[in-house]
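Novice: We have chain A already, so just place chain B on it with the hints.
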Amino acid sequence: MPPDLRARIRRSLADPNLQAALDQNARRRMEGRVAAFASLPDHAARRARAHAVKEGVVAHLDTHLERFLRAVNANGIHTHPAADAAEAVGIILGILEQQAAVKGASTPGEPLLVAKSKSMVSEEIELNHALEACGMRVVETDLGEYIVQLRGERPSHIITPAVHLQRGDVGRLFAEKLDLPYTEDIPTLTQAARKVLRRVFLDADVGISGVNFGVVDTGTLCLVTNEGNGRMVTTLPPVHIALMGIERLVPSLDDLALFLSLLPRSATGQKLSVYTSLINAPLPGQTRHLILLDNGRRALSRSPLAESLSCIRCGACLNACPVFREMGGHAYGSIYPGPIGAVISGALVHPDLACLAQASTLCGACREVCPVDIDLPALLLRVRAGDSPMPDGRKGRPGAGVPFSVRLGLGAFRHAAGRAWSFALFQRLGALFSRLYSPLHASMRLPAWTGWGFSKDLPRLAGTPFRARWRTLRQDVQGGDSDPRAAPRTRPAEPTLPPPQTLVAQFTAELSALGGHVHVLRAGNLPGRLAEFLFDRGIERVCVDEAGAALVRGVEIVPHADPDVTCGVTGALCGIAESGSLLLASGRGETLSASLLPAIHVAVLKASRLVATLAEARPLLNEHHAAMVLVSGPSRTADIEMTLTIGVHGPGELHVFLIDDS
Amino acid sequence: MPETVQLFITCLVDTFHPAIGEAMVRVLNRAGVRVEFPSEQTCCGQPAFNAGLRADARPLAEHTLRVLDGAPGAVVIPSGSCAAMLRHGYLDLFAGQPDWLARARALAERTYELCEYLVDVRGITELGACWEGTLTYHPSCHLLRGLGVDAQPRLLLGAVKGARVIELPEREDCCGFGGVFSLEHPELSAEFLDRKLANFEKTKAPTLVTADTGCLIHLQGGLRRQGRAGRVVHIAEVLARGGG
Numbered sequence: 001m002p003p004d005l006r007a008r009i010r011r012s013l014a015d016p017n018l019q020a021a022l023d024q025n026a027r028r029r030m031e032g033r034v035a036a037f038a039s040l041p042d043h044a045a046r047r048a049r050a051h052a053v054k055e056g057v058v059a060h061l062d063t064h065l066e067r068f069l070r071a072v073n074a075n076g077i078h079t080h081p082a083a084d085a086a087e088a089v090g091i092i093l094g095i096l097e098q099q100a101a102v103k104g105a106s107t108p109g110e111p112l113l114v115a116k117s118k119s120m121v122s123e124e125i126e127l128n129h130a131l132e133a134c135g136m137r138v139v140e141t142d143l144g145e146y147i148v149q150l151r152g153e154r155p156s157h158i159i160t161p162a163v164h165l166q167r168g169d170v171g172r173l174f175a176e177k178l179d180l181p182y183t184e185d186i187p188t189l190t191q192a193a194r195k196v197l198r199r200v201f202l203d204a205d206v207g208i209s210g211v212n213f214g215v216v217d218t219g220t221l222c223l224v225t226n227e228g229n230g231r232m233v234t235t236l237p238p239v240h241i242a243l244m245g246i247e248r249l250v251p252s253l254d255d256l257a258l259f260l261s262l263l264p265r266s267a268t269g270q271k272l273s274v275y276t277s278l279i280n281a282p283l284p285g286q287t288r289h290l291i292l293l294d295n296g297r298r299a300l301s302r303s304p305l306a307e308s309l310s311c312i313r314c315g316a317c318l319n320a321c322p323v324f325r326e327m328g329g330h331a332y333g334s335i336y337p338g339p340i341g342a343v344i345s346g347a348l349v350h351p352d353l354a355c356l357a358q359a360s361t362l363c364g365a366c367r368e369v370c371p372v373d374i375d376l377p378a379l380l381l382r383v384r385a386g387d388s389p390m391p392d393g394r395k396g397r398p399g400a401g402v403p404f405s406v407r408l409g410l411g412a413f414r415h416a417a418g419r420a421w422s423f424a425l426f427q428r429l430g431a432l433f434s435r436l437y438s439p440l441h442a443s444m445r446l447p448a449w450t451g452w453g454f455s456k457d458l459p460r461l462a463g464t465p466f467r468a469r470w471r472t473l474r475q476d477v478q479g480g481d482s483d484p485r486a487a488p489r490t491r492p493a494e495p496t497l498p499p500p501q502t503l504v505a506q507f508t509a510e511l512s513a514l515g516g517h518v519h520v521l522r523a524g525n526l527p528g529r530l531a532e533f534l535f536d537r538g539i540e541r542v543c544v545d546e547a548g549a550a551l552v553r554g555v556e557i558v559p560h561a562d563p564d565v566t567c568g569v570t571g572a573l574c575g576i577a578e579s580g581s582l583l584l585a586s587g588r589g590e591t592l593s594a595s596l597l598p599a600i601h602v603a604v605l606k607a608s609r610l611v612a613t614l615a616e617a618r619p620l621l622n623e624h625h626a627a628m629v630l631v632s633g634p635s636r637t638a639d640i641e642m643t644l645t646i647g648v649h650g651p652g653e654l655h656v657f658l659i660d661d662s
Numbered sequence: 001m002p003e004t005v006q007l008f009i010t011c012l013v014d015t016f017h018p019a020i021g022e023a024m025v026r027v028l029n030r031a032g033v034r035v036e037f038p039s040e041q042t043c044c045g046q047p048a049f050n051a052g053l054r055a056d057a058r059p060l061a062e063h064t065l066r067v068l069d070g071a072p073g074a075v076v077i078p079s080g081s082c083a084a085m086l087r088h089g090y091l092d093l094f095a096g097q098p099d100w101l102a103r104a105r106a107l108a109e110r111t112y113e114l115c116e117y118l119v120d121v122r123g124i125t126e127l128g129a130c131w132e133g134t135l136t137y138h139p140s141c142h143l144l145r146g147l148g149v150d151a152q153p154r155l156l157l158g159a160v161k162g163a164r165v166i167e168l169p170e171r172e173d174c175c176g177f178g179g180v181f182s183l184e185h186p187e188l189s190a191e192f193l194d195r196k197l198a199n200f201e202k203t204k205a206p207t208l209v210t211a212d213t214g215c216l217i218h219l220q221g222g223l224r225r226q227g228r229a230g231r232v233v234h235i236a237e238v239l240a241r242g243g244g
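One line per chain: the protein sequences are A and B, in this order. Here the first sequence is numbered in our numbering, starting from 1 and rising by one per residue. Here the second sequence is numbered in our numbering, starting from 1 and rising by one per residue.
Bound-form chain A, shown alone:
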């Protein structure tokens, strides 16, 4: 075990702010998850299906990957398989240097500006460090990642990077780095970051993002975010580079819908994240690249740890884990903390990290919450047994991280317990020793260095063990011929669903719960109501897409990407009642930017375009748009102290004008 692991654990335990933050994270995330799954009555069946789908992908990884690459290439996205971190970094640097040359020709001396949205793979390959070393300016745009980057730290949680910090920490940081008056007001801090990062989005030469799912059939890249930064970096800069691990595949769009019903619920307790981007092709004038990273994943897929590649990085196992709740992410010393991190870090980050698997009680809370039903305790046991694949293809050392004294003790115990007579002798000698050690008390106060004695006493060994008592034990069997009955298994009652609602009522209720506004009106009233809406807010200039252009009267229509416009008016392909979501597509208009950049987004939708579920919206996802996005409410974050704050990078207000065309 790296000698510093225990030291880092002790440091975490001694930090009351960290402990408070971790307790809060565990409590809120677990409550949110339970509430979110209550709305999914068949979640157990979905979980089993998700497990089977990922198992199939991992079992035939290369076949899936080959088909996926073909589809992505056919869509016009450049693909770059990378065997390891160094190769991935090299490829990205190659793309960026090309871009830098273009930029250098027009604005010499300006460093290349790279806007990044959260990507664990980029952390895995330590990309920022490499890019900065080459003189580029890299800015993390997820609020939590931005905070962590300003502090010169790495994320402490795969979903909530700044979970270890409190509002005062962020206030002091922003006061120092952004030259703001110190404040602990979370909306003020969020707005300050929004302002700085808005400039970054508009000026960035290249956007780098992760990928949540790659769809094999269609070559679609799916990306889920809440703040809107993922949409920004994949929509605005002329070059977009997406990074994904080769295992993050789902076979079809139907499977994607299944996983989208599980990922946000597990990660943040949402039915859908605010923005679910589906990227098929480059936008007009844009170049897209996809880096597919192996970096130990193929070796994992052929190892007894293959099941770990089913992970969808929701972070639920971190939130449920009592060890993570005490240690926090940084103490793991790996970018992948928590139970899943303890399983994969040895293979993907550094072989020494296999010892993290010892820091678990195998309590199984992680498996219970895993949306893909990964048997994490069994995998932790296999890592402990040395099954984590090593870079040179050898097997790892069994028991890595077990202290020498424990190893010695277990080896001796194996011989003692190998036969009944020697075990009985061991018991007798132990009992004698324990009476010598603690002649007066029934329990022994062992010293702290034994581990056991650190926090508790140990009972003396019994003077007469059970095996000796058995010989004189008399049995008194009662009612000897009782009939074994069928097992009265008690099953938890299925959660009852609320009575069915009309789609309009359900859509309105769901979107309102997310902080959006639904205005139901008749078609003839739309232009008047829209004009009234804009007039009331003093809005004189709007961004529009084609649908918006046909509706807006009496205001100036400006080209897209004008950062000063406060309102965008767009159409929508459909609305999804179960999650209060809108489906928007790039189309020929400017739907994506008009729905993203302004502070207020107005979407116009016919009620007949409402569907009940994401699965029902599935035929629309198949259309050949360069990019689509599901919008579920106004932009939000909970990156500071898990406090919900509305309006980060995307619009803070979302209004749906729903036309009653029944």
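Please note: incorrect hints may appear among the correct ones.
Using C-beta positions, here's what the derived DEER-type ranges look like [what the hints assert, rightly or not]:
no., chain 1, residue 1, chain 2, residue 2, range
1, A, S608, B, E170, 46 to 56 Å
2, A, L429, B, L101, 33 to 43 Å
3, A, A412, B, A229, 52 to 62 Å
These are calculated hints, taken from the structure and not from any lab test. Positions of the beta carbon are idealized from the N, C-alpha and C atoms, including for glycine.
Specialist: The following block gives chain B in isolation, referenced to the frame of chain A:
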């Protein structure tokens, strides 16, 4: 003829708390079951298995299979953890050895934790036990999540005459025993222990019941060390008390 079961006592009960074993025999007798004790048994090998030292675990697991193979009937264990080892752990341990794997499968199918056996196999929840006072129940992780056994011990405790059973706050949280974990990571183990004992104190119940002797020794040792009131008992000791 009464049903006969094989008692796998576990090394912890055998060595530290034989009274739990005696209580368990009384409980099974009361349930109309005759108990046999294969006297060659020692330890299932879980400590080494959990540490990742499978070469040290395998001889003990093979020994256990040899001892139990010939003995007829269900194997009943006063521990969720050891029962989970026999039912799930052995299948992983012997995954590459078809002969042993077949034997492990056969054993897994007839292995039960005590509460699970009483309720699911025998269909018994009422054993005529009496206990004066308030109890609270700590579900051990391997019993609760490893074997999915939760309703069974609660039904059994609920039927104990005179006992008032109250809910332990954050009951499903791990107590921090974790076998060799408590030796390797004593700092973390101590944090879990404190949390669990604080929750126990909140109930004001004098007695904490659990169905795993590892948790019991760990929790009881924590109470002793901190000079806290209260005691920890095995569920067999509660079910064996009074009546009959």
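Novice: So which of the earlier hints does this model not fit?
Specialist: 3
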